[in-house]
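K.L.:
Letter by letter, the chains look like this.
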Amino acid sequence: MDTINLSGRKPAPVPIRAGAGLKPQHYQSVIENQPDVGWFEIHPENYMGRGGPPLRYLERIRQDYPLSLHSVGTSLGSHMPLDMSHLKQLKILVDRFEPGLVSEHLSWSHGYEWFTHDLIPLVYTPESLQLMVDHIEQVQDFLQRQILIENPSTYLQFKESEIPEQVFYVEAAKRSGAGLLLDINNVFVSCENHGWSSEAYLADLPMELVGEIHLSGHSIQQLEGETLRIDDHGSPVCSEVWTLYQQFIARHGLAPTLIEWDNNIPEFPGLLQEVTAAQSLMDAVVNKEVKDVFVG
Amino acid sequence: MSLLAELQRSFCDALRTSEPPDPALLDRLPNDGLALQRFQVYRNNFIVLNGDAVADMFPVIKRLVGDKAFRMLATAYVRKHPPMERILLLYGEAFPDFLQSIPELSGLPYLADVARLEFAWTAAYHAADAEALQVAQISGLDDSAFSSLRLTPHPSIQFLESEYPVYRIWETNQSEDHDEQVSLDEGPSRLIVIRPEMEVEVREVSTGELLFLKHLHASVTVGEAYERTVQVEPEFDLQAFFQRHLLDGTFCSL
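If you read the sequences in order, they're chains W and Z. The first sequence runs 0 to 295 under numbering that gives the first Met the number 0. The second sequence runs 0 to 253 under numbering that gives the first Met the number 0.
Keep in mind the hints are simulated off the structure, nothing from the lab. These numbers were taken from a predicted model, which means no experiment stands behind them. Every residue, glycine too, gets a C-beta built ideally from N, C-alpha and C. Any given hint could be a false lead.
[Said to hold, decoys possible] Quick list of simulated restraints, FRET-style, between CB atoms: (1) Z:G186 to W:Q221: 47 to 55 Å; (2) W:E170 to Z:A4: 15 to 23 Å; (3) W:F141 to Z:P108: 45 to 53 Å; (4) W:Q33 to Z:A75: 39 to 47 Å; (5) Z:G186 to W:R95: 44 to 52 Å; (6) W:E170 to Z:G32: 30 to 38 Å; (7) W:S84 to Z:A75: 25 to 33 Å; (8) Z:A4 to W:K87: 23 to 31 Å; (9) W:K87 to Z:P102: 37 to 45 Å; (10) W:P23 to Z:E5: 35 to 43 Å; (11) W:K287 to Z:A127: 47 to 55 Å; (12) Z:Q180 to W:K158: 53 to 61 Å; (13) W:V292 to Z:S174: 55 to 63 Å.
With these hints in hand, go ahead and build the complete structure from the sequences.
P.N.:
Quick look at the structure:
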């Protein structure tokens, strides 16, 4: 017999479609217009109040769309133990909203009594790899589900790092049983900032571990003749990142793809335009595969 | 201390201060001539990300002091009171007291109270939800039963008293395009901030109403709260108060 779901809502996997980061500015527009977006993603920390409108809007939107929880507060790479009270709050949201995906970052934000609320790079050593693996396993055990780990955008690296970032990233996922949330903008930003090759970074990633892709805009800071790219999620996806994305999905296949836009947020149609652009590239891969089957 | 612990602590130290970072920290970065600039991106992020959270919470303060001064205040606040929680929803709780402590702001003596009102708004917004009191729950009660009730105000309720007209200052600064002047002679404010459903309401109340609600909030019975209120405020009109507020979401379901 089927279980009775009192919320009238099924746990929904995140579909292999383009989705969007859900911003409070867009709650009304999403509820009223039911835009053609495959799914939405939120930062659970923004819904950890005791109550109030954000949770109610999310309940309403979750009735119509699958959801992904993209956490920013766990600080998996911190040398300090994980905060169980924070994990409990995360679990409450996971149980309440039944997201199709849950993710965190390959970074740390908590190095002291206080919190930076920024995603700061790790030193890539065997010690920190083991720490990441332990922390990811703890989170997965506690939530009773797999999580995805996002590669960071970085502006500096440490001399003490012994392991290339993408090797560290994939190893952390493989050893812990996590999946990858591949942020192609972050790949581009980090590679440009450190003189690495984005193509080489992406070429070796095991697609079977990629559970989600992120795309977003970044800004450019000129410094004494040098350029630093800053991952500020404040503009449309740039053409280089679209190209990397297109090449990646053509070669490796599709994954649910999110447009993140967190600063200088446009009206919803502006965000939808980016989502539609990502969806078109995904559709083109599917259409080519179909054509190849029939023609080839 | 492990390498990781030591590195993370020294990184955090360097993020928080406005002093140049420890050269030993910069020495750990590849020597490409941009080590300091690379580090500065993180210092800037720390200030801006957390400062933006403060700016979002205090839009009226930002209008009153101007964008540039607000950014300086927010930066100083982030350095002095870095976030102590993983959740930023209520970061800014110490901002009103912080404003009060700044000597350069002593010419704007109402500023801290306006900030208290803005924080009360945010606290009410994210407070717990509760079912509202329904008419059927009290319609059958006689006077004596009603008098011995403990009516609980909605968990979002915030109380604010100020010797300045902060409600008028707050109200006239809700948008950029205002040219109305508020005179400090308009006198003190007594306010409750409450969110019965989705909308936060800022209500001006009388001294008696404020006192009465505070007693109810402290779980005193209706009758006892009334007795205590009229001792201080003999004109307090219980009937008029309940006509307006008994069933408007001010109180929780019994």
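K.L.:
Look at each hint and say if it fits the structure.
P.N.:
Going down the list of hints, with the structure as the test:
1. Z:G186 to W:Q221: 47 to 55 Å: holds, 54 Å
2. W:E170 to Z:A4: 15 to 23 Å: holds, 21 Å
3. W:F141 to Z:P108: 45 to 53 Å: For P108 (chain Z) against F141 (chain W), whose Cβ atoms are near 49 Å apart, the range 45 to 53 Å holds.
4. W:Q33 to Z:A75: 39 to 47 Å: holds, 45 Å
5. Z:G186 to W:R95: 44 to 52 Å: At 46 Å between Cβs, range holds.
6. W:E170 to Z:G32: 30 to 38 Å: For E170 (chain W) and G32 (chain Z) the Cβ distance comes to about 31 Å; the hint holds.
7. W:S84 to Z:A75: 25 to 33 Å: Hint holds: Cβ distance 30 Å, inside 25 to 33 Å.
8. Z:A4 to W:K87: 23 to 31 Å: holds, 25 Å
9. W:K87 to Z:P102: 37 to 45 Å: Because 43 Å falls inside the window, the suggested range holds.
10. W:P23 to Z:E5: 35 to 43 Å: holds, 39 Å
11. W:K287 to Z:A127: 47 to 55 Å: Holds: the Cβ-Cβ distance is about 52 Å, inside 47 to 55 Å.
12. Z:Q180 to W:K158: 53 to 61 Å: Distance hint for Q180 (chain Z), K158 (chain W) holds at roughly 60 Å.
13. W:V292 to Z:S174: 55 to 63 Å: holds, 58 Å
Checked against the numbered hints given earlier, this structure breaks none of them.
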